[in-house]
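Q: Work the whole structure out from these sequences, hints included.
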Amino acid sequence: MTSSIAAEDEVVELAADLIRIDTTNTGDPATVVGEREAAEYVAGKLTEVGYEIEMVESGAARRDNVFARLKGADPSRGALLVHGHLDVVPADPSEWSVHPFSGAVQDGYLWGRGAVDMKDMVGMTLAVARRFKRDGIVPPRDIVFAFLADEEAGGKFGSQWLADNRPDLFEGCTEAVGEVGGFSLTLPDRQGDPTTLYLIETAEKGMAWMRLRAKGRAGHGSFLHEDNAVTTLAEAVARLGNHRFPVVLTDTVREFLDTISEVTGMEFAPDDLEGALAKIGPLSRIIGATVRDTANPTMLNAGYKANVIPSTAEAVVDCRVLPGRQEAFEREVDELIGPDVTREWVTHLPALQTSFDGDLVEAMGAALRAEDPAARTVPYMLSGGTDAKAFEEKLGMRCFGFAPLRLPPELDFAALFHGVDERVPLDSLRFGARVLDRFLRTC
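Per the numbering used here, the sequence shown runs over residues 3 to 445.
Everything labelled a hint here was simulated from the structure, so no lab data went into it.
Incorrect hints may have been included.
[Said to hold, decoys possible] Derived DSS-like pairs: lysine-lysine, alpha-carbon spacing no greater than 25 Å straight-line: (1) K73 to K307; (2) K135 to K158; (3) K73 to K217; (4) K396 to K307; (5) K73 to K135; (6) K158 to K396.
A: The following block contains the structure:
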């Protein structure tokens, strides 16, 4: 008889193995690497303990995804989707203290690209899935484990394709959990003592990558020229990039701020909201980006020779839009760029928001409190986007971010996402595996 192995006993090894598989997603299908190798690794670890898996290419060669379903005690209940992505953003080894694909374990951390985004959660999920199958644990409801490609480029060759072309893989799923939530935030309470809040993601801003284009009259660079596409575009980009969209407090953000105020006594005055948010520390970079829409110019393209005035100029702008704000946002953008600049959406994925209530939310809180009795959960909005967009919009699931981590108070967690020296504390990984194990046994 095989002896039982707890999820926390192998989560570090699994996450480290995954980090060592370079799954860099450049956004260009011709240069993406490693997703198939990572999917084969996951598939092997699942079949090793008895799962029947399905490995699916999602719209392009070597963009592989792995699915496994664990039957629950009550087939009449909706299934729960537990999803994580296998791809990571690029990393320049010359900038890192360790090689970004080394999976180094040192100084109490697991280091490497994907350590928090999101091979930590993939490792936890894989460890718990293996433990359940080995030990014959039957969860209350069916669980679909999904390990996905292409999240870092919007999911065109991952979640979006799967939702459009293989909805059968998600049969019966009514709720989903994935990144980015369940992590701790330590703040002083009203008496000045540290208190630990765990942030559950219940909302995401919309992701809209926009191309701006200006046209003008081509000509010689030495002439006087009043119809220069570069000038027209540059002025519009500057207006848009320097613009501050209005503060709008969604239900999720308002509940987050109210809870922080209740626990800590902090006040968040509307006339200096972003200044007040600085009190919560480095995480204010994420929270501050969820009180207004943003439009950040990220790419420029014009011309082909120094002495030739081009007839066209283009820019790409990364727009992140609050729930319910899309129409107002577009009107504001059109006023800023003016009539001489056109716009089109390169990628357009909607915002999502759900309420912070129900049995699944209660199960998250109970699992956290079992490991950290003082834990208090609070909803928050993610300023970025995840694969949840496809599952909510196209398949009607209620989606949450829940990748539990108890973090050292001094760790700048937000800076690790897509950052240099990305790493996750080993104790946090083991904590997360224990919490996820409890959660999936009670969900």
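Q: Verify the proposed pairing of K396 with K307, using a straight-line Cα cut of 25 Å.
A: Violated, at about 45 Å.
Q: Would the pair K158 and K396 pass a check requiring their Cα atoms to be no farther apart than 25 Å?
A: Distance ~13 Å between K158 and K396 Cα, so the pair holds.
Q: Next pair to validate is K135 with K158; report whether the Cα-Cα distance is within 25 Å.
A: violated (31 Å)
Q: Under the criterion that the straight-line Cα-Cα distance not exceed 25 Å, is the pair K73, K217 satisfied?
A: Distance ~58 Å between K73 and K217 Cα, so the pair is violated.
Q: Please work out if K73 and K135 have their alpha carbons no farther apart than 25 Å.
A: holds (10 Å)
Q: Take a quick look at whether K73 and K307 sit within 25 Å of each other, Cα to Cα.
A: Not OK: K73 and K307 at ~63 Å, beyond 25 Å, violated.
Taken one by one, the earlier hints fail for this structure at numbers 1, 2, 3, 4, listed in ascending order.
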